Amino acid sequence: MKRWFFAGVVLWISTFTATAEVIDNGRKYVWEPFDADFLHDPANPALDELQHPEEAFRNFPKDTPTIGNQVDWVRALEQGFINPRTNLFPDTEIEVLDLDIIMPDTADMPMVRFPHRAHTQWLDCSNCHDHLFAREAGATPVNMFSILSGEYCGRCHGAVSFPLTECRRCHSVNRSRFRGKPGAQQPPGRIYEPVLEQPIVR
Amino acid sequence: MIHRFVLVALLTLFGLAPLTAAHAEYADVVLNRYAEKNGMRPVIYPHWFHRIRFRCKVCHFELGFEMRVGSNDITMGKIIDGQYCGMCHNGEIAWSVEHCDRCHSGLPGLKTGIQGGHKTGGPGIW
Chain A
637 MKRWFFAGVV
647 LWISTFTATA
657 EVIDNGRKYV
667 WEPFDADFLH
677 DPANPALDEL
687 QHPEEAFRNF
697 PKDTPTIGNQ
707 VDWVRALEQG
717 FINPRTNLFP
727 DTEIEVLDLD
737 IIMPDTADMP
747 MVRFPHRAHT
757 QWLDCSNCHD
767 HLFAREAGAT
777 PVNMFSILSG
787 EYCGRCHGAV
797 SFPLTECRRC
807 HSVNRSRFRG
817 KPGAQQPPGR
827 IYEPVLEQPI
837 VR
Chain B
709 MIHRFVLVAL
719 LTLFGLAPLT
729 AAHAEYADVV
739 LNRYAEKNGM
749 RPVIYPHWFH
759 RIRFRCKVCH
769 FELGFEMRVG
779 SNDITMGKII
789 DGQYCGMCHN
799 GEIAWSVEHC
809 DRCHSGLPGL
819 KTGIQGGHKT
829 GGPGIW
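Residue numbers (the numbering used here), protein chains in the order written: chain A, 637 to 838; chain B, 709 to 834.
Looking at chain B on its own, in the form it has when it is part of the complex (with noise of 0.2 Å):
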């Protein structure tokens, strides 16, 4: 019975990837609950790219990220007063807000949403 329900969602999985293959690196969070809306393109916030200066716990333990996309509500004012990715995209850590494109960076059109997701092709799987 459990067998089946693994298989049943294993196949869904594996019958969308194709579809929902995007070319993304895996892990870009897309954040577009706000941005669009007011006119700038949506943001990508890259994983890759920080876990390489950053392990996960200064994000998501002492910098409070809750780890469910969509579950922090970051807006661009609490980042300006140093919140969310302001705590150091603010001219210190990193460099600070004034360079709007390198996060608003996202195509238009983008959900919120990560990236990837379950891709396969290697030899370690079944």
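Here chain A stands alone, though its shape is the one from the complex (with noise of 0.2 Å):
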């Protein structure tokens, strides 16, 4: 009779310690049980009716461990591992732009490569223009502080897309190499990588 309430225990409390734990390409991607994130009810009997980032996530291609939801969303796109819904409503108009615009305004960092397509495939373009940046290359004030404060690009960056630790997935483009003039760039736009292959730019 004890042993099986200890039993019991152990188990019991093993439903809170357990982690969701992928290993991939050597690197370990770890989710939160919901009954012990901190966010979730552990009380709410409906739990297991909903779906784990693990079982979702596994098969995707990875972003690096801890950051954001350590998915590579893009590639994950263009790669059909998902196929979101572009609309629900028939004669909605999808557009996807292909348009890489140069920032050059970063001190000594290196400049900015925003890239429309990546962009475009997600979101329409009234989700940014013209409320957060002018359809004019140059144009907007933008700069890290108020990006950092959750303006411009720091709208999703840093709450849905991609953590603003990344910078140099931003930063892309190094100074002294770049051929041309910074602004909108003759299409096609640049191949992103895949993320753990793209090539840190100092």
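None of these hints come from the bench; they were simulated from the model. There could be a bad hint or two in this list.
[As the list claims (entries may be wrong)] Quick list of the computed label-pair ranges, beta carbon to beta carbon: (1) A:741 with B:771: 43 to 51 Å; (2) A:719 with B:804: 21 to 29 Å; (3) B:777 with A:724: 21 to 29 Å; (4) A:692 with B:774: 41 to 49 Å; (5) A:734 with B:779: 30 to 38 Å; (6) B:783 with A:768: 21 to 29 Å; (7) B:776 with A:724: 15 to 23 Å; (8) B:780 with A:664: 34 to 42 Å; (9) B:783 with A:838: 22 to 30 Å; (10) A:824 with B:774: 29 to 37 Å; (11) B:817 with A:811: 42 to 50 Å; (12) A:721 with B:804: 17 to 25 Å.
[As the list claims (entries may be wrong)] Facing chain B, a subset of chain A residues (Cβ under 8 Å, in silico): (13) 675; (14) 704; (15) 725; (16) 796; (17) 817; (18) 821; (19) 822.
[Stated by the list, open to error] Some residues of chain B that are not near chain A, with every Cβ distance over 12 Å (derived): (20) 769; (21) 781; (22) 783; (23) 788.
A quick note: this is a predicted structure, and the numbers were derived from the prediction, not measured. Positions of the beta carbon are idealized from the N, C-alpha and C atoms, including for glycine.
Put the complex together from the two separate chains, hints included.
Now the structure itself:
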């Protein structure tokens, strides 16, 4: 009787400490179980009706462990791991634009390359234009301080898209090796490598 | 000058990170303006789950969700009327509102806001 009680207690505790883990190319990815993530209520009877991120993300292309959702969302979309709906209403216009903008006011950091393609696959023009950015390269007074306080790029990055600690994913253009003019670039835009293979620009 | 600003901002960010580092999934949104006051658990809206199925533009353009936590005045009455979450959670695009606990799944006491925030640890930084 006592033994079963102990086994029960151990099992019960282990449900709190067990974390879902995936090893991918030698990197360890951890997702907290719902009943120990300090967000979901362990007393909620519907908890096991919810899907756990580990189950969904297991085979997706990965981002660095601990970064955002730990998923390389752009590649997950481009390589067909996911095919999220673009619209619910049949007559909504879907517009994808392939246009890179190089933003040069970055002090001694590498310049910023903004790819319209990766963004317009997910977003509509009106999510950015014209309340966040003017439709004219160089016309918006973007700076890092307001980005870090959640404006401009920081509206999404740091909240839903990859976090702002990934400096070099935006600051990806070496100033002295760049030929040409900043601002709108001749399409096609740069094809980005999967994030784990993107070169780190100094 | 600007550098010092950026540095101070970053330091506060990283300084606070261990304190605020919830273990919740990045981009989960807690909605608790009315729920707990009316005897329900706070609502957890998972971005990661929905963005596997819908692009951002579906909610933030077609359906008109404002991209700012708390700026949409979502109430249960409106959801049952087919607004906000109820535009999909109507038994057609997704399961309907009778599954209260799937949405009302948060720990009591949570504040409205977005989870995750700025985390670091990768090599792509600095």
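Using the C-beta atoms of residue 721 of chain A and residue 804 of chain B, is the stated range 17 to 25 Å upheld? 19 Å, holds
Would the least Cβ to Cβ distance between residue 783 of chain B and chain A come out above 12 Å? 21 Å, holds
Against chain B, with CB atoms and a cut of 8 Å, does the hint on residue 822 of chain A hold up? Status violated, d = 26 Å.
Verdict for residue 734 of chain A, residue 779 of chain B (Cβ pair) under range 30 to 38 Å: For residue 779 of chain B against residue 734 of chain A, whose Cβ atoms are near 31 Å apart, the range 30 to 38 Å holds.
Quick one, is the residue 796 of chain A hint okay against chain B at 8 Å, beta carbons? 4 Å, holds
Is it true that residue 776 of chain B and residue 724 of chain A lie within 15 to 23 Å of each other by Cβ? For residue 776 of chain B and residue 724 of chain A the Cβ distance comes to about 22 Å; the hint holds.
Just tell me: holds or violated, for the beta carbon distance of residue 780 of chain B and residue 664 of chain A against 34 to 42 Å? Distance hint for residue 780 of chain B, residue 664 of chain A holds at roughly 37 Å.
Holds or violated: is the Cβ of residue 788 of chain B farther than 12 Å from all Cβ atoms of chain A? Residue 788 of chain B is indeed farther than 12 Å from all Cβ atoms of chain A, at 19 Å.
Closest C-beta approach of residue 821 of chain A to chain B relative to 8 Å, hint status: Violated, because the Cβ-Cβ distance from residue 821 of chain A to chain B comes to roughly 22 Å (cut-off 8 Å).
Has the hinted range 29 to 37 Å been met by the Cβ atoms of residue 824 of chain A and residue 774 of chain B? With Cβ atoms ~33 Å apart, the hint holds.
Should the hint that residue 783 of chain B and residue 768 of chain A are 21 to 29 Å apart at their CB atoms be regarded as holding? 28 Å, holds
Starting from the range 42 to 50 Å, see whether the pair residue 817 of chain B and residue 811 of chain A falls in it by beta-carbon distance. Given about 49 Å between the Cβ atoms, the range holds.
Going through the hint list in order, the structure does not satisfy hints 1, 4, 9, 17, 18, 19 and 20.
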